[in-house]
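Visitor: Starting from the given sequences, assemble the full structure and let the hints guide the process.
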Amino acid sequence: MRDRESLTLGAVAYDAKVVTIWEGFKAWFAERDLRFDFVLYSNYERLVEGHLEGEVDVAWNSPLAWIESERAAARAGRRARAVAMRDSDRELTSVILVRGDSPIESLAALAGKAVAVGAADSPQATLIPLLLLAEAGLDPANDLRVVRHDLLVGKHGDHVGGERLAARALVAGRVEAACLLDANLLAFAREGTLPTGSTRVLATTPPFDHCNLTVFDDAPPKDLDRFLTLLLGMSYDDPVARPLLDLEGLKRWLPGRVEGYSQLNRAVDRFATLDAWLAQVSR
Amino acid sequence: MTDPGGHGPAPRVDLGGLGLDRGGHLLLKRALRLLPAGGRLEVSGASPDLTTHLRGWCRSQGHRLDLAAPSVAGAAGDAVVASITRGPAGTGRWRGAEPAGASDPALPGAVAEHPSPRWGLAARGARVEPGGPEFAFPLDRKEVVWAEEAAALYAQAAAAQWDPARAIDWSAAITHPDDVEEAVVQVMTYLIENEMAALVIPAAFLARIHPHFREVVQLLAIQAADEARHVEVFTRRALLRRGELGLSTAGGQASLKTLLDEPDFALASFLLSVLGEGSFLSLLRFLDANAPDPVTRQVARLAAQDEARHVAFGLAHLERHAAADPGLRGRLAAAVTRRHDALRQTAGLNEEVFDALVVLAAGSWEPAALAAGFDRVVGLQHDMDTGRRRRLERLGFAPPDAEALSALHTRNFM
Numbered sequence: 520m521r522d523r524e525s526l527t528l529g530a531v532a533y534d535a536k537v538v539t540i541w542e543g544f545k546a547w548f549a550e551r552d553l554r555f556d557f558v559l560y561s562n563y564e565r566l567v568e569g570h571l572e573g574e575v576d577v578a579w580n581s582p583l584a585w586i587e588s589e590r591a592a593a594r595a596g597r598r599a600r601a602v603a604m605r606d607s608d609r610e611l612t613s614v615i616l617v618r619g620d621s622p623i624e625s626l627a628a629l630a631g632k633a634v635a636v637g638a639a640d641s642p643q644a645t646l647i648p649l650l651l652l653a654e655a656g657l658d659p660a661n662d663l664r665v666v667r668h669d670l671l672v673g674k675h676g677d678h679v680g681g682e683r684l685a686a687r688a689l690v691a692g693r694v695e696a697a698c699l700l701d702a703n704l705l706a707f708a709r710e711g712t713l714p715t716g717s718t719r720v721l722a723t724t725p726p727f728d729h730c731n732l733t734v735f736d737d738a739p740p741k742d743l744d745r746f747l748t749l750l751l752g753m754s755y756d757d758p759v760a761r762p763l764l765d766l767e768g769l770k771r772w773l774p775g776r777v778e779g780y781s782q783l784n785r786a787v788d789r790f791a792t793l794d795a796w797l798a799q800v801s802r
Numbered sequence: 004m005t006d007p008g009g010h011g012p013a014p015r016v017d018l019g020g021l022g023l024d025r026g027g028h029l030l031l032k033r034a035l036r037l038l039p040a041g042g043r044l045e046v047s048g049a050s051p052d053l054t055t056h057l058r059g060w061c062r063s064q065g066h067r068l069d070l071a072a073p074s075v076a077g078a079a080g081d082a083v084v085a086s087i088t089r090g091p092a093g094t095g096r097w098r099g100a101e102p103a104g105a106s107d108p109a110l111p112g113a114v115a116e117h118p119s120p121r122w123g124l125a126a127r128g129a130r131v132e133p134g135g136p137e138f139a140f141p142l143d144r145k146e147v148v149w150a151e152e153a154a155a156l157y158a159q160a161a162a163a164q165w166d167p168a169r170a171i172d173w174s175a176a177i178t179h180p181d182d183v184e185e186a187v188v189q190v191m192t193y194l195i196e197n198e199m200a201a202l203v204i205p206a207a208f209l210a211r212i213h214p215h216f217r218e219v220v221q222l223l224a225i226q227a228a229d230e231a232r233h234v235e236v237f238t239r240r241a242l243l244r245r246g247e248l249g250l251s252t253a254g255g256q257a258s259l260k261t262l263l264d265e266p267d268f269a270l271a272s273f274l275l276s277v278l279g280e281g282s283f284l285s286l287l288r289f290l291d292a293n294a295p296d297p298v299t300r301q302v303a304r305l306a307a308q309d310e311a312r313h314v315a316f317g318l319a320h321l322e323r324h325a326a327a328d329p330g331l332r333g334r335l336a337a338a339v340t341r342r343h344d345a346l347r348q349t350a351g352l353n354e355e356v357f358d359a360l361v362v363l364a365a366g367s368w369e370p371a372a373l374a375a376g377f378d379r380v381v382g383l384q385h386d387m388d389t390g391r392r393r394r395l396e397r398l399g400f401a402p403p404d405a406e407a408l409s410a411l412h413t414r415n416f417m
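Protein chains in written order, with the numbering used here: chain U, 520 to 802; chain W, 4 to 417.
Among the hints, a few may not be true.
Chain W is faced by these chain U residues, among others (derived, beta-carbon under 10 Å) [claimed, not checked]:
1) 611
2) 614
3) 756
Derived by calculation from the structure, the hints in this document are not laboratory data. Beta carbons: idealized from backbone N, C-alpha and C, even for Gly.
Guide: Below is the structure:
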């Protein structure tokens, strides 16, 4: 049963560690006299819908879930705000890889070729790289053979498995190019998925931002202020906070900002990614 | 690497053709470690995907990355591709880290009186990051477990490990009659269950000792391994001529169970190592001197060498413990009395073992030989008593107390 006195955060359980993370945050906040609780959802659409329904006060949103929140709220005459994000959520890029010995030297040369992407709803491994290709004149629906790796759809690519499958498809020669997040190029090299020299970066997207903590304008202001003050004050020097920050993949929390979502907004418009969902939510 | 604040030229790392996918991050880390938070490092290199690597890596490490205009030439000829501004996080991890004593136990303060539960499994002498989990090692007081001799005894034990396959001549002739062999097998059967107790007890305690007391944990581990070998050789000797083992008695097992049931490390070591294995030392030497065949003599001799170390460690740490805790002797004495009372209803050394020792020492069933064997077993019990009293006196018991306590020791020897 919901404790109405607690500030409640909603998050998506894309991995078992999510329980450890938010239980840890809950204890950390409790020691600082903030009553905090969390609810886990199996996918981002349910999280955003629950947030709109008032099941939670703050949502830990993927970039696509942020756009869903922003657009659904606007349709209802409400306003969404991005109040915080990780330092590691800023200025990501995605890359389009080809094999090291590929004759392909330009995006245009990908016309008619098979391009591996991640899950359909992954901003970093599907939507943003496909936007880069589309804006370069290659319509994904007609000019490319897009090979999706739909692992855990609904989790917006948080699970790295879809990208790994795309990378493997490239190395195995089943596709001519693969799209993935810049950091995963390094991660996949280290784990052996992408042997050194086996691939090269054909193109890099402009920087974009990733997750944020989202509130609607009816969030309880006093608790929210306290939550944000504590959150932004979390220090990597604090040995109790450090394992939580390590698990969540950040060194410090930063204020939210929304200018890093312009590519994803364009992609969502161009590919009509959210039209059906928005129509259903707005009914 | 001077003037890292950004007023002069920033230090530079040239990665050459090395990418961050093959270890380039090591050079970056080493250079950044010398800079304060906010310090700037220039990076040059020619690895094809270097900027992509740098983006992902800097973000994960909390450093700021500024990509350079592509035309600047680096010192080694490769282009300066980026500058990294060191983030504040790296310094935080080791703030408040504490050294877990020192590796060399001879250094002052090397072995803590009460090591922190947060040092956990860390090597003694390592620097331990704060925020780690607390480990529940209940035996975490130096006065309870430590002995200065532990390292030397461990080294001795490691050097003295013997291979049962090669150290014993298993093909040596056994010429005594079957009815003497039966006695040998009965003694071996008795030894096996006693050695199994001597294996299980230190093994159970060693997992409860704080790993800070490394030498003690190592010594108990090798002690358990010694006993594993003894179980092996006694079993192998027992089966050398016959396909089956002898008898295991309820009284013998009841006596051993009181050892396993003792939860206190000091009391258990006292009962097992000082009194039990001490008595066994006499028994094994007796077998070495009196067994009718060379194989039995060899296995007893090799086992006795190991047991002598076990007794030495038990005595050493209890001596130290008794010096620090004057109440310990009273508790040790009470433990002997308690065990005696618990075993009052049992028969003590089983007849089968006593009789088997007589036949073994006699080497035949001739009346005169049996009489001689009987005398030797009586002599053995006297030796055991003398040894126990000597060890009790070493632990600070007055001779009359030592005599009384030795008399209360289990008649089952171990």
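Visitor: Compare the structure with each hint and give your call.
Guide: Against the structure, the hints:
1. 611: Hint holds; residue 611 (chain U) Cβ to chain W Cβ min 7 Å, cut 10 Å.
2. 614: Holds - the Cβ of residue 614 (chain U) comes within 10 Å of chain W, reaching about 6 Å at its closest.
3. 756: holds (4 Å)
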